[in-house]
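Protein sequences, first through last, are from chains A and B.
Take 0 as the starting number for the first sequence in numbering that gives the first Met the number 0 and just add one per residue.
Take 0 as the starting number for the second sequence in numbering that gives the first Met the number 0 and just add one per residue.
No lab work stands behind these hints: they were computed from the structure.
Since this is a predicted model, take the numbers as computed values, not measurements.
Hints are not guaranteed to be accurate.
[Unchecked claim] Chain A stretches covered by chain B per the calculated footprint, using a threshold of three residues with CB under 8 Å from any CB of chain B:
1) 108 to 119
2) 128 to 135
3) 163 to 169
4) 313 to 323
[What the hints assert, rightly or not] Far from chain B, some chain A residues (derived; all Cβ distances over 10 Å):
5) 97
6) 100
7) 138
8) 157
9) 160
10) 201
11) 230
12) 259
13) 301
We put the CB at the ideal spot given by N, CA and C, even for glycine.
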Amino acid sequence: MDSKLRAELPDHDLLKLYEQMVLCREFEEACAEQYTKGHITGFLHLYSGQEAVAVGATAGLHKDDYILSAYREHPQAIVRGADPKRVMAELFGKATGLCKGKGGSMHLFAPELNFMGGYAIVGGQFPIAVGLAFAAKYRQEGRLVACFFGDGAVNQGTFHEALNWARVWELPVLFVCENNFYGIGTEVHRSSALADIHKRTCGYDIPSERVDGMDVIAVHETVKRGAEWVREQSRPYLIEAMTYRFRGHSMSDPAKYRSPAELEIWKARDPLPNFARRLVEEGIATAEGLKEMQATAQVEVQEAVKFAEESPWPEDSEVFNDIYV
Amino acid sequence: MPEMTYRDALNLALKEEMRRDPSVVTWGEDVALYEGSFKVTRGLLAEFGEERVKDTPISENTIIGVAIGAAMGGLRPVAELMTVNFALLAMDQLINHMGKIRYMFGGQINLPMVVRAPGGGGSQLAAQHSQSLETYFMHAPGFYLALPATPADAKGLLKSAIRDNNPVIFLEHELLYNSKGEVPDDPEFLVPLGSAEVKRPGKDVTIVAYSRMTVLALQAAAVLEKEGISCEVVDLRSLKPLDTPTFVDSVKRTGRAVVVEECWQTAGLGGHIASLIYEQCFDLLLAPVQRVSGLDVPMPYSRKLEKLCIPQVEDIVKAVKETLTAKY
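Chain B with its partners taken away, still in its complex shape (with noise of 0.2 Å):
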């Protein structure tokens, strides 16, 4: 298997995914002759032309409208939202009209589209440019919602996504395009939807995870190892739908679980997941559920400060620790 970036591996999903079917089409802001601000979008003007990868104006809401509009006219539309921040000028546009129209108009009309948006905090790019807002989307009905951890399932989900017949809000994370790994070249290789995976095996405790809290999860379950403590692994990578089954099996196979989120901790997905484990592993649960997430500020600027609002691998070691010793 071929080694490559998530980036790369985002942009080969859309080459093989335009290739395959001239109904895939792709438009957002700098998409095309910049070739997108991450470089999701290289190479793609050059191999598609103007007709399908297409600049837009800076009108955020519009672009998803505009995607709503196409899919509806029989195309399959790849929106790019420069990033996940400014989706928030979208909102009307993603949630009452995508998230509704299939099932206000009784279900007779499909919208096969997808919005990619990157997003996530530590780069120093201050409050208005590092929000985790899945939370906001998970929470509203009408879409799916996937956010792969690595490359493999950065192609597999996004081509899944792409062929989907539902929209799908697609979120990928800045501080892991430059991240490597191996890559199915298989054009058919797929990652189902709504397809949870434990990416590492362990017995004591469950870390929850997605995104890049996924790979920070890897990392402390590594250090965890070395002090004899066994950490399963969960990445979620769709939060809808949402995989509980595979994270319910682990919970109750280890008995302890950490839910690490990068978004605001109030009302935040995180208590969600730990209110499914507490319903469904009640009688299983050795102790409560921890939580690690974003602190409740906005994201403050100085590198110093930064670190403190955004998760870190040994946030996730002492919450795993405090689930070993804690008893109710």
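Extracted from the complex, chain A is given alone in its bound form (with noise of 0.2 Å):
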């Protein structure tokens, strides 16, 4: 049987995403788990539904391009090489957590992975990544940066400031738009007139398109060819993906604006099951050994929490540090 995910990537490759699609769901839901123990407090915006976006875009990149993000960014961390257990423990508050229990939730960075941030202000990240952009073309880098941001992000001036600017001097900024249809609980039709959104980079003459975001193999591939256009032109290009959050916006939505059955059909297109789903049929994986990786991730995220729950909180001294060089 001819193979179609192998036509795409090795063996190797297929399961390690899959494998990251596990370990952000595992992640995920074990914060949701916290957050009502109260171990993890303030605001929680989890990705599950999401995950074949941060995966499959991110294996789509090089290693040294930058990844800048917005608030509902634990998978893109992790995915890039963020340790879970850094991760939870910045969640928690602790010392020894990704920014020292700073940031929180929603500002995870690791500049090390060149994981540039997760930014709370919607849209504060689109000029963030056009300057990175120009500080890598400026050193003449060879990278680019990819922007990722949500549906609700581009009724922000700052979405169209960006995408203008970056025609204009001509950045590599690949513009990824995940597409999940609300902006906390105002449906993508309305609040934007054209709700097309990659239709919407026209009036910057930037490319675009639309891909499948619930697939992971689709997505991998759109960016990697996007990316590769935006480093062959050093211009911007725009993807939107398509997809869907299980849970609500944060920990206190309880998401009453979309109904079950709308839910459900978004389920069935869980990014997981049928991602397992080809790997087995295909003969790439069995069952049990996709199990097995489920497994695996379950005890990661169980140690990264226990890391977390053992760290110790920052000391008092901590406030004052880290404002001035």
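Fit chain to chain and form the complex, with the hints in mind.
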């Protein structure tokens, strides 16, 4: 049997995609549990349902490409290689966290992995992504900037300012819209005059396309191709990944603005079991092998929780550190 | 020492730092081909080329955000806001991003960047183009704030700001661009950020001021000297870090203080300075601290009305005399 998946990637890489998606799902579900227990506080926006976007897109980029995201960004950091232990510790507000407990869920940052931050002002990351792209181009580093954002961000001025600017200065920015259809509780058709977000780049002479954000292989292929174009042309490109979050906007949102039927339609398209089925069908993995992968991820996440629980709180003296050099 | 204008001193600072360090780049609205609305960037495009001296779209928030990203990516950008009034369009990137990124990311990244912005009132530009927003920037943490009063300080402070690894908001006064003064031509001449300077020694009253208000304070001191009143003028030069010891030591010697601010008085920075003086000099104060401030109104256009809204030399003279007669 011809394998469509094997035509895309070697077995090892395909399994890696599944492994990463499972790790992200397990991590997010553990976060929900820890939030319920009161160990994680503040705002918590979970990514469950959208895994194919972060995982597929990251695999389509080079390791030295910069990544920026918004505040639903745990998986982007973890897939890039951030230690789940330190991410969980950050969510717990502990000294061992990725940002010493000062940023929390919405402000993960790992410059050694070229993960340049989670930003919690909607659209705040757009101009910064453009600036990083300018620096990369000026220094002739050959890398691009992948800027992730949600459908809600496209009506901020910064979206339009940044698209225009990136095109005028001819900068290597790959804009990746994770269209999960809702800005908190406002459905995209109720907030955007043109809900086909990828079409909105025409005013800035930026090519764009839409991809099935529930299909990790499609995302990977589209991002890889888009990234190559951005690198070659030194110009911006936009990809709109159609996806869905299975949970509410944040932990305090029961998501009453959407119907159970709608949720079921999207859950039937869950990127994890669907990709698992393809892996098994095409003989790349066995069901047992994939279950084992899930068990391994669960252990890794439980170790992360344990690490976070046992980690020390920041010293009071830390409150004044890191404001200035 | 050569004499030059405040504008040329700033221009020289930019040129010297761009010659010294290829990671220094600059952009803003009309800074390249047009050479800047106030011509501070004159000659930069010709000398450094369009890769380093760049015109931007009229997108103030993004002018700042792009500088933040470039600083993250290893450059030392100097972003020009055509005037400080437009900083209000960029407050999200200035306050929510520039001032917080280092802290919320646990100190893992530095933002070596400068935001230059001309401002202040007095040119009949009316309500939306005549603002003194220094209190806004003094209030928020995460970046420094410098405001030179003299050409020498303009050069030395801007060079320090460009070399510093923290973000710096650098406020230039539009009415000072043509003012002249001696400026050291040593390319290593630097004025440290966070250092106030006694611009004129005196013994009766301390006048604490910054930017153009320092120039007016010096004029007031000259007037008062003729009446036998000796004023010490402290030029803050930076509002963040604030060099509190320099003005507190002065007030401890004179026992009297006048704080001059061009901004609106309500919740203005002068109140903060006055409170520091009360906290640290209470027992030594011979009179209540006087504040000379901008009026709490949107700036009117008419020359006659505008003058009422901005502190004048005679207002400072009057406030100094008040400290000499008023008693607790």
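Consistency of the hints with the structure:
Against chain B, the segment 108 to 119 of chain A contributes 6 residues with a C-beta closer than 8 Å to a partner C-beta. That satisfies the three-residue criterion, and the hint holds. Closer than 8 Å: that is the beta-carbon criterion, and the segment 128 to 135 of chain A has 8 residues meeting it against chain B, so the requirement of 3 holds. Interface restraint, the segment 163 to 169 of chain A with chain B: holds (4 residues with C-beta to C-beta distance below 8 Å; minimum three). Counting residues of the segment 313 to 323 of chain A whose CB lies closer than 8 Å to any CB of chain B gives 4, so the stated coverage by that chain holds, three being the minimum.
Here residue 97 of chain A does not stay apart from chain B, with its beta-carbon only about 7 Å from theirs, under the 10 Å limit. Listed as outside the interface, residue 100 of chain A is inconsistent with that label: its C-beta sits roughly 8 Å from the nearest C-beta of chain B, within the 10 Å cut-off. Not every CB of chain B lies more than 10 Å from the CB of residue 138 of chain A, the least distance being 6 Å, so the non-interface label is violated. With a least beta-carbon separation of about 6 Å from chain B, residue 157 of chain A fails to lie farther than 10 Å from that chain, contradicting its non-interface assignment.
In this structure residue 160 of chain A is not separated from chain B by more than 10 Å, as the shortest Cβ-Cβ distance comes to only about 4 Å. Non-interface status of residue 201 of chain A relative to chain B is upheld: no Cβ of that chain comes within 10 Å, the nearest being about 18 Å off. Every beta carbon of chain B lies more than 10 Å from that of residue 230 of chain A, the smallest distance being close to 16 Å; the non-interface claim holds. Chain B leaves residue 259 of chain A outside its interface by the beta-carbon criterion, the shortest separation being 37 Å against a cut-off of 10 Å.
Once the 10 Å rule is applied to beta carbons, residue 301 of chain A is consistent with being away from chain B; the minimum gap is 25 Å.
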